[in-house]
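Novice: Read off the chains here:
2 protein chains.
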Amino acid sequence: IAKEVAKLLEMKAQLGDEGKAKFVLKTPKGTRDYSPKQMAIRERVFSAIVTCFKRHGAEVIDTPVFELKETLTGKYGEDSKLIYDLKDQGGELLSLRYDLTVPFARYLAMNKITNIKRYHIAKVYRRDNPAMTRGRYREFYQCDFDIAGQFDPMIPDAECLKIVHEILSELQLGDFLIKVNDRRILDGMFAVCGVPDSKFRTICSSVDKLDKMPWEDVRSEMVGEKGLSPEAADRIGEYVRLHGGLDLIEQLLQDPTLSQNKLAKEGLGDMKLLFEYLTLFGITRQICFDLSLARGLDYYTGVIFEAVLVQQENEHVEEPVSVGSVAGGGRYDGLVGMFDPKGRKVPCVGVSIGIERIFSIMEQKVEASAEKIRTTETQVLVASAQKKLLEERLKLISELWDAGIKAEMLYKKNPKLLNQLQYCEDTGVPLVAIVGEQELKDGVVKLRVVATREEVDVRRENLAEEIKTRTSQS
Amino acid sequence: IAKEVAKLLEMKAQLGDEGKAKFVLKTPKGTRDYSPKQMAIRERVFSAIVTCFKRHGAEVIDTPVFELKETLTGKYGEDSKLIYDLKDQGGELLSLRYDLTVPFARYLAMNKITNIKRYHIAKVYRRDNPAMTRGRYREFYQCDFDIAGQFDPMIPDAECLKIVHEILSELQLGDFLIKVNDRRILDGMFAVCGVPDSKFRTICSSVDKLDKMPWEDVRSEMVGEKGLSPEAADRIGEYVRLHGGLDLIEQLLQDPTLSQNKLAKEGLGDMKLLFEYLTLFGITRQICFDLSLARGLDYYTGVIFEAVLVQQENEHVEEPVSVGSVAGGGRYDGLVGMFDPKGRKVPCVGVSIGIERIFSIMEQKVEASAEKIRTTETQVLVASAQKKLLEERLKLISELWDAGIKAEMLYKKNPKLLNQLQYCEDTGVPLVAIVGEQELKDGVVKLRVVATREEVDVRRENLAEEIKTRTSQS
Numbered sequence: 002i003a004k005e006v007a008k009l010l011e012m013k014a015q016l017g018d019e020g021k022a023k024f025v026l027k028t029p030k031g032t033r034d035y036s037p038k039q040m041a042i043r044e045r046v047f048s049a050i051v052t053c054f055k056r057h058g059a060e061v062i063d064t065p066v067f068e069l070k071e072t073l074t075g076k077y078g079e080d081s082k083l084i085y086d087l088k089d090q091g092g093e094l095l096s097l098r099y100d101l102t103v104p105f106a107r108y109l110a111m112n113k114i115t116n117i118k119r120y121h122i123a124k125v126y127r128r129d130n131p132a133m134t135r136g137r138y139r140e141f142y143q144c145d146f147d148i149a150g151q152f153d154p155m156i157p158d159a160e161c162l163k164i165v166h167e168i169l170s171e172l173q174l175g176d177f178l179i180k181v182n183d184r185r186i187l188d189g190m191f192a193v194c195g196v197p198d199s200k201f202r203t204i205c206s207s208v209d210k211l212d213k214m215p216w217e218d219v220r221s222e223m224v225g226e227k228g229l230s231p232e233a234a235d236r237i238g239e240y241v242r243l244h245g246g247l248d249l250i251e252q253l254l255q256d257p258t259l260s261q262n263k264l265a266k267e268g269l270g271d272m273k274l275l276f277e278y279l280t281l282f283g284i285t286r287q288i289c290f291d292l293s294l295a296r297g298l299d300y301y302t303g304v305i306f307e308a309v310l311v312q313q314e315n316e317h318v319e320e321p322v323s324v325g326s327v328a329g330g331g332r333y334d335g336l337v338g339m340f341d342p343k344g345r346k347v348p349c350v351g352v353s354i355g356i357e358r359i360f361s362i363m364e365q366k367v368e369a370s371a372e373k374i375r376t377t378e379t380q381v382l383v384a385s386a387q388k389k390l391l392e393e394r395l396k397l398i399s400e401l402w403d404a405g406i407k408a409e410m411l412y413k414k415n416p417k418l419l420n421q422l423q424y425c426e427d428t429g430v431p432l433v434a435i436v437g438e439q440e441l442k443d444g445v446v447k448l449r450v451v452a453t454r455e456e457v458d459v460r461r462e463n464l465a466e467e468i469k470t471r472t473s474q475s
Numbered sequence: 002i003a004k005e006v007a008k009l010l011e012m013k014a015q016l017g018d019e020g021k022a023k024f025v026l027k028t029p030k031g032t033r034d035y036s037p038k039q040m041a042i043r044e045r046v047f048s049a050i051v052t053c054f055k056r057h058g059a060e061v062i063d064t065p066v067f068e069l070k071e072t073l074t075g076k077y078g079e080d081s082k083l084i085y086d087l088k089d090q091g092g093e094l095l096s097l098r099y100d101l102t103v104p105f106a107r108y109l110a111m112n113k114i115t116n117i118k119r120y121h122i123a124k125v126y127r128r129d130n131p132a133m134t135r136g137r138y139r140e141f142y143q144c145d146f147d148i149a150g151q152f153d154p155m156i157p158d159a160e161c162l163k164i165v166h167e168i169l170s171e172l173q174l175g176d177f178l179i180k181v182n183d184r185r186i187l188d189g190m191f192a193v194c195g196v197p198d199s200k201f202r203t204i205c206s207s208v209d210k211l212d213k214m215p216w217e218d219v220r221s222e223m224v225g226e227k228g229l230s231p232e233a234a235d236r237i238g239e240y241v242r243l244h245g246g247l248d249l250i251e252q253l254l255q256d257p258t259l260s261q262n263k264l265a266k267e268g269l270g271d272m273k274l275l276f277e278y279l280t281l282f283g284i285t286r287q288i289c290f291d292l293s294l295a296r297g298l299d300y301y302t303g304v305i306f307e308a309v310l311v312q313q314e315n316e317h318v319e320e321p322v323s324v325g326s327v328a329g330g331g332r333y334d335g336l337v338g339m340f341d342p343k344g345r346k347v348p349c350v351g352v353s354i355g356i357e358r359i360f361s362i363m364e365q366k367v368e369a370s371a372e373k374i375r376t377t378e379t380q381v382l383v384a385s386a387q388k389k390l391l392e393e394r395l396k397l398i399s400e401l402w403d404a405g406i407k408a409e410m411l412y413k414k415n416p417k418l419l420n421q422l423q424y425c426e427d428t429g430v431p432l433v434a435i436v437g438e439q440e441l442k443d444g445v446v447k448l449r450v451v452a453t454r455e456e457v458d459v460r461r462e463n464l465a466e467e468i469k470t471r472t473s474q475s
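Going down the list, the sequences are from chains V and D. Here the first sequence stands for residues 2 to 475, numbered as in my numbering. Here the second sequence stands for residues 2 to 475, numbered as in my numbering.
Since the hints were derived computationally from the structure, they do not count as laboratory data. Please note that the accuracy of each hint is not assured.
No distinction is drawn between identical chains; accordingly, a pair holds when it is met within one copy or between any pair of copies.
As the list claims (entries may be wrong) - Listed below are the simulated PhoX-like cross-link pairs for lysine-lysine, each with C-alpha atoms no more than 20 Å apart in a straight line:
#: 1; residue 1: Lys273; residue 2: Lys414
#: 2; residue 1: Lys70; residue 2: Lys88
#: 3; residue 1: Lys8; residue 2: Lys343
#: 4; residue 1: Lys88; residue 2: Lys30
#: 5; residue 1: Lys417; residue 2: Lys447
Nothing here was measured: the structure is a model prediction, and the numbers come from that model.
Generate the whole structure from the sequences, applying the supplied hints.
Specialist: Here it is as structure tokens:
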């Protein structure tokens with residue numbers, strides 16, 4: 002019995018200990034860590050995007066992760082409730098940035114910049130209820146490219162669409178479609194359909210739901226919740242089912258009601274110009290003028306667009322990730338003026354690439370393929386065949402580091418050669434530099450190629466060069 | 002009078018408008034934007050650091066910018082009051098990360114990783130009252146390299162110091178000194194000086210102030226505020242003025258009181274081993290064993306170190322930025338265990354490079370030098386010599402982009418050639434591809450070298466290749 006009691010007490014003590022040390026060991030809701038393997042994929046995606054942004058001559062800026070709360074106030078419409086606020090710990094009231102566009106506009110106004118083409122890649126924060134399986138998070142990266150300045154119409158706008166086209170092609174995510182519309186066309190359409198001015202924004206955000214809800218549901222939201230007349234809703238319904246290319250633009254320019262509206266006419270005129278430029282770029286096949294595209298954010302004033310993946314092309318993937326939009330953007334000519342003390346406007350147009358969804362697809366593709374991703378760039382492992390050679394290994398690896406060679410060694414005094422070779426197999430290190438008593442006497446190092454097991458003696462003073470030559474193509 | 006009244010009313014209206022649009026146009030206290038020029042310098046610093054981390058075989062990870070509040074609780078000692086909390090908007094209680102070390106430990110415990118060498122470069126947040134002229138901020142980057150795992154003593158520790166040495170040498174910031182100590186030596190010293198166990202941490206944080214306060218002030222804090230006996234304080238005073246190299250370690254190993262303490266003896270033994278390895282690396286000239294080094298954070302358990310710049314070497318800089326420590330780190334063998342449900346320990350040692358102070362110095366150096374920093378990588382501007390060639394420019398630039406050339410054009414229908422050439426002068430674009438009626442007929446493009454004003458006709462199908470060749474060395 003005494004034995005049993007002791008056992009029970011010990012168990013209890015263990016439980017107590019566990020209770021004490023019990024943390025909820027997790028990342029906050031809607032966030033994630035990136036493991037080295039995931040980082041390797043992420044850096045590939047970033048590299049493709051940054052290369053494209055630089056190809057288009059963009060500079061890069063960075064802004065703080067939080068802004069004064071009032072900087073974000075009144076910029077996002079219905080989405081404002083999703084902003085993360087910081088606790089009031091004395092001092093300024095702060096919020097985490099919700100996108101990179103409003104901080105960019107603040108930056109332009111603050112520094113009186115009227116002309117810039119910049120990119121910005123950083124995390125943004127939204128207190129959404131995300132479906133993480135679909136690659137949506139509360140903390141996620143945006144990769145933004147924007148052109149600010151007073152220019153001739155639609156030239157920068159066309160470049161933004163070209164950029165989306167280049168990036169989505171480069172990443173080989175399968176077929177995609179870029180939907181394009183214009184807020185002026187939407188507003189003109191609302192006007193001719195009989196929507197009162199005061200309801201433009203809220204009806205616009207109903208239209209925005211058409212990619213997730215059938216028309217009937219959107220219609221009842223308009224009529225039921227938002228008090229729109231059924232006739233107006235039906236007229237909207239006629240328009241938002243339209244999509245096409247230059248032909249549709251021409252048709253609407255002839256539309257007896259819509260063409261009477263000044264805003265719509267302006268928007269349609271610019272849309273025609275845009276399609277002409279996109280034709281010169283040779284990318285109209287993936288671009289669709291779509292009257293149902295509305296975009297949620299309040300600040301757009303002209304062209305808006307959104308890129309969606311049409312299907313998963315890769316047949317290795319058994320269950321394709323269902324992804325929504327992977328890029329979006331538009332023109333926001335009024336946002337900078339909201340920050341300028343004198344209301345001076347700086348016209349802007351930009352695109353935002355949503356990396357998380359793209360990343361989910363890339364990750365699945367890599368998982369499904371046989372590709373083995375290396376997470377380090379180590380060129381050589383400094384090893385020893387006998388004991389008591391730690392000092393010699395340290396001396397050699399130090400020489401290699403100083404010569405710019407990427408080198409590792411096992412942190413053991415007397416590692417077994419087999420373990421050292423196994424480490425190379427596991428991590429993909431291509432070469433092993435082996436020091437031994439004899440090699441030290443001869444002033445050489447034995448260089449072993451892991452893949453072929455070939456071994457050659459290399460004079461110590463030539464070792465770095467030899468390693469560089471042998472790893473230069475990889 | 003009517004005129005005057007109208008004028009006044011207009012002025013009033015303007016004021017009213019201004020009042021309405023009045024924002025405090027700034028970034029939050031202790032934060033900053035990075036302009037394209039500053040980003041160019043920042044990327045240079047990052048590149049040097051990442052290259053070094055990769056040379057040492059590190060993988061890379063990323064973690065969210067905020068953690069559960071309880072993840073950070075009880076890890077930082079007196080510094081905890083500087084943590085930014087997020088507002089409770091329902092759901093989990095969150096805090097912005099204070100460093101990258103605690104999230105790393107959480108990551109290891111959560112994923113049951115017992116063996117990794119990783120780097121992590123990201124922003125951290127401290128509600129400090131920073132002196133921004135000295136390059137200190139509330140939002141700042143840390144560049145961390147850590148080695149986790151059970152290894153033979155001091156081999157990973159020595160590598161961390163080698164890394165600091167490589168990075169500070171590479172960045173050419175002038176002379177630097179890396180101070181080294183060990184928490185076990187400090188604790189042993191406190192014990193033999195008669196400090197009660199319960200006061201170890203708080204006396205340690207007094208010692209930590211010795212780089213900013215004279216000994217007399219630190220002594221009065223110990224005796225006055227913290228209730229240490231004057232005798233104990235004086236005994237500590239004897240030790241903390243000691244600094245040196247292997248000789249001092251040997252001397253202290255012989256010290257009749259200190260060598261009686263088990264912890265101190267262990268620490269001194271390891272310190273001796275560390276210096277032997279650092280001698281093999283050839284870097285002891287910049288390393289100093291300093292008994293006054295304490296480091297603020299609670300979680301260190303063994304070796305600690307801190308790198309300081311000794312003076313500004315660059316004589317072009319009139320008023321040198323006064324900078325404190327630019328790197329620091331140490332061993333924290335207990336931190337991962339605090340997160341593991343069973344308290345399983347994973348020994349860790351790591352280094353953190355503080356980029357902001359380094360960046361301030363680099364920025365001043367660039368300002369003082371004649372160096373002109375380019376903020377884009379554009380290789381060629383697509384220009385036209387006559388009017389009505391917008392379409393032709395769009396076609397050509399699209400061809401160049403698709404061929405991987407970094408190309409820009411002015412967003413104007415009919416830009417003047419002079420303005421286009423001026424743009425290249427201003428931004429450092431080296432080449433101009435000029436389309437004109439005659440060139441179009443001949444199937445060529447006129448390629449102009451901005452620096453020499455040399456112009457050659459290049460066949461259109463060879464243009465991309467020609468641009469690549471001409472810009473390959475830059």
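Novice: Decide, hint by hint, whether the structure agrees.
Specialist: Taking the hints in turn, this is what the structure says about them:
1. Lys273 with Lys414: Between copies only: 16 Å across chains, 72 Å inside a chain, cut-off 20 Å.
2. Lys70 with Lys88: both (11 Å within a copy, 12 Å between copies)
3. Lys8 with Lys343: between (78 Å within a copy, 18 Å between copies)
4. Lys88 with Lys30: Classified as both; 18 Å inside a copy, 15 Å across copies.
5. Lys417 with Lys447: Intra 16 Å, inter 65 Å, cutoff 20 Å: intra-copy only.
In this structure, every one of the numbered hints holds.
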